[in-house]
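Hey, can you work out the whole structure from these sequences and the hints?
Protein chains: 2
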Amino acid sequence: MAARRMVIIGGDAAGMSAASQARRLSSRGDLEILAFERGHFTSYSACGIPYWVGGEVDGPGALVARTPDTHRGRGIDVRLRTEAIEIDPAGQRVLVRDLDPRGDGERWYGYDDLVIATGARPRRPSMPGIDAPGVHGVQTLDDGRALLDTLEGTRVERAVVVGAGYIGVEMAEALIRRGCRVTVLERGEQPMATLDPDMGRLVREAMTGMGIDAVTGAEVTEVMTGEDGRVRGVATKVSEYPAELVVLGLGVVPETVLAREAGLPLGESGGLLTDLAMRVRGHEHIWAGGDCVEVLHQVSGRTRHIPLGTHANKQGQVIGTNVGGGYATFPGVVGTAVSKVCDLEIARTGLLEAEAAAVGLRFVTVTAESTSRAGYYPGTRPMTVKMLAERRTGRLLGAQIVGREGAGKRVDIAAVALTAGMTVDQVAALDLGYAPPFSPVWDPVQVAARKAVAAVRAAES
Amino acid sequence: MAARRMVIIGGDAAGMSAASQARRLSSRGDLEILAFERGHFTSYSACGIPYWVGGEVDGPGALVARTPDTHRGRGIDVRLRTEAIEIDPAGQRVLVRDLDPRGDGERWYGYDDLVIATGARPRRPSMPGIDAPGVHGVQTLDDGRALLDTLEGTRVERAVVVGAGYIGVEMAEALIRRGCRVTVLERGEQPMATLDPDMGRLVREAMTGMGIDAVTGAEVTEVMTGEDGRVRGVATKVSEYPAELVVLGLGVVPETVLAREAGLPLGESGGLLTDLAMRVRGHEHIWAGGDCVEVLHQVSGRTRHIPLGTHANKQGQVIGTNVGGGYATFPGVVGTAVSKVCDLEIARTGLLEAEAAAVGLRFVTVTAESTSRAGYYPGTRPMTVKMLAERRTGRLLGAQIVGREGAGKRVDIAAVALTAGMTVDQVAALDLGYAPPFSPVWDPVQVAARKAVAAVRAAES
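Protein chains in written order, with the UniProt record's numbering: chain A, 1 to 461; chain B, 1 to 461.
Take the hints with a grain of salt, since some may be wrong.
Quick list of simulated restraints, FRET-style, between CB atoms [as the list claims (entries may be wrong)]:
#1 A:R4 / B:V359: 45 to 51 Å
#2 B:D343 / A:A146: 36 to 42 Å
#3 A:P378 / B:E240: 34 to 40 Å
Hint data in this document are derived by calculation from the structure and do not stem from the laboratory. Note that beta-carbon positions come from the ideal geometry of N, C-alpha and C, so glycine has one too.
Written as structure tokens, this is what we have:
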């Protein structure tokens, strides 16, 4: 009997996790695994690019978890610089093009199982100058390389980062480390639209303290170019910001052109819709994972596009397990994210105020100041925890944390509690690790939970 | 109508949290609050004593969260150096003695509600020399002061710590910081009997690397004294360890002599038994909290003596709420604890192997090596996570973590998951905070959970 064939489009986290897991469960005689990647790398950490640019990490090698040759040695046939250009679900085949002009040209490959792991691409608003040399996204290692070429090959004194989300603030830190004067332009009311504005304000204040010029309410209308065609700054409706380098940190959109053309189901964000086993809805032999899919948000009950390497890895493993003959599901997410700008740690999980209101929830909010360690212990740092709890039931709906060392990963307490559907009373009663070097006697998350308990009660009386 | 009277025995975390919370809920006209403390301090952090001794924290002032005068200013009548010597439950009264010989002598006080918060006392095995000058426990601020007097008033070159539990290892670090040569003598197979021996071995190896001489299987039989009556070392069955200072780190036992004499119900450890509202079982008007009670361990279903400041604070708050006319319960614990020796972080939650076996659970264990941050990110440190999962169901039963920076508080993930009754499959699927400076793409706890999932499956096949 001929081996079944698993074809994978996209050689990063989701695709190659799926390949690796399927390989673990199936012999080469039973399953042939073929992965197409249009870039030069496999299984890399795109999240590490800001630290590579900032010079904290040697790239790109260090960011590659598994090279193509490693995968090949394990029986996964990886084809680099090979782009899938059409999916034919009825014929169970994929058309690929070798990007090397001396290569194989175009060719159809049949599949028994197809994995779509095409990732995401940076938002690139259409405006004059957006494609000028010196304007960079930071989604792939190839993007990172190009950005570093600009940094190293040009005199970059001033850099503008457009967008103050996770990538934007991380890139601001990286460019500060590179000695640039950095301006971050954010369209919204505050940086970090993944936080409520009152928490975003804390981030803005901290960024200013770090020498990062954070401008809000700034809608970029044009990338200005010089006579040499290179970028010389950006313009908003009201001002101009000279710069030799522009980084786009406007977030990403699912890379699902192929999927759409093949008639596969997409959600509101343009991400693929799957079932719990990560099978594309209505398509028995097609799976999808990573930054090209929408995931179930367990608190809102909606599907959302939340591109994160940790989800991609988990989803890839689920796909590989199922294709390899096992059984696994991806139950969804609770919207956890953590980041830092210099020594400021920023985290969230669950729903923001606007997100909770949008799905019909009524809630109370509290904000509590606390410290990372016992107040008297050396190195203790202030921390602000905001919490949302459902009215009447007291169910935890979300938490946001801004602080210094020890702040970020505390969000995990709330993330697990959210997943379990705990009330803020239950959170306040949790048995968390306590010792003076690690926490005050009430963990900061519990200080907030206690306030939330009182707020829920007050809202009912 | 005369005010009701709340009488509190013991002025530390549980007692004064109860007092403060009851005060918040009841006016002075409704509730008189009277607290008796036999020492000199109220509301202090006994857990901070090792850091005071080590010179990292200024004591004792910094360790006092609220002074007697602060409490008095809020309408709580605190009597220091006043020891309760008899409880008369039938007569609803307490006999107290003023320890100041020029003071009030003995006197009965009636109560409407009594709170027993008498804490714990260090285990002090009966053996020759145990009461010699230079032998110290570290349970109260007065103990800490006495120990520092020895350190500062005597030439202490060599110190022996008897017992390698949390207090023992923390005191070992403190004495190293003070420039002593430190030997820790542990009766058991490994230090940290709160961990399984295989994890305790990691602690021993790290302690040795820090220059702490950790001797296991060492049963102390005698404290040796010199001609001046002061300590000059300790002897085990096989050896002698010269020292000018001996610290007892053998753990503590509930201080419940008064309660036993009054016929109140005690558990196997000698701790008071309460209901979920922290009322002493069978006694409508008597409450108890803190280090003198046994708590429900939610994983084993047994009551256990787990003396920790964080539990004392929570229990005190529950008592104060109930006495103050509100309603609150303390649902129990899952056995979480965290500590450090120099830069080694040590944490556990749930059940050890022996504890799980003792309550009839069958389980698999796994141990996983991982890192605190993305492998390529600067400052990433190795971490070992051990996990116990129930056979057949895959329910998480316990986790132990030994590592460096970023290891200790990760135990909270497992603590919340345990409280929620999650399986290791569910833990592996959790949406935890991920970014390269904070975590690998699979959090170390999830790396262990994945191995546990596989082990549970393998055990069934």
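Verification of the supplied hints:
Checked against the hint of 45 to 51 Å, the C-beta distance between R4 of chain A and V359 of chain B comes to roughly 47 Å, which is consistent with it. Judged by the Cβ atoms, the range 36 to 42 Å given for D343 of chain B and A146 of chain A holds: they are separated by roughly 40 Å. Checked against the hint of 34 to 40 Å, the pair P378 of chain A and E240 of chain B passes, with Cβ atoms roughly 37 Å apart.
In summary, this structure violates none of the numbered hints.
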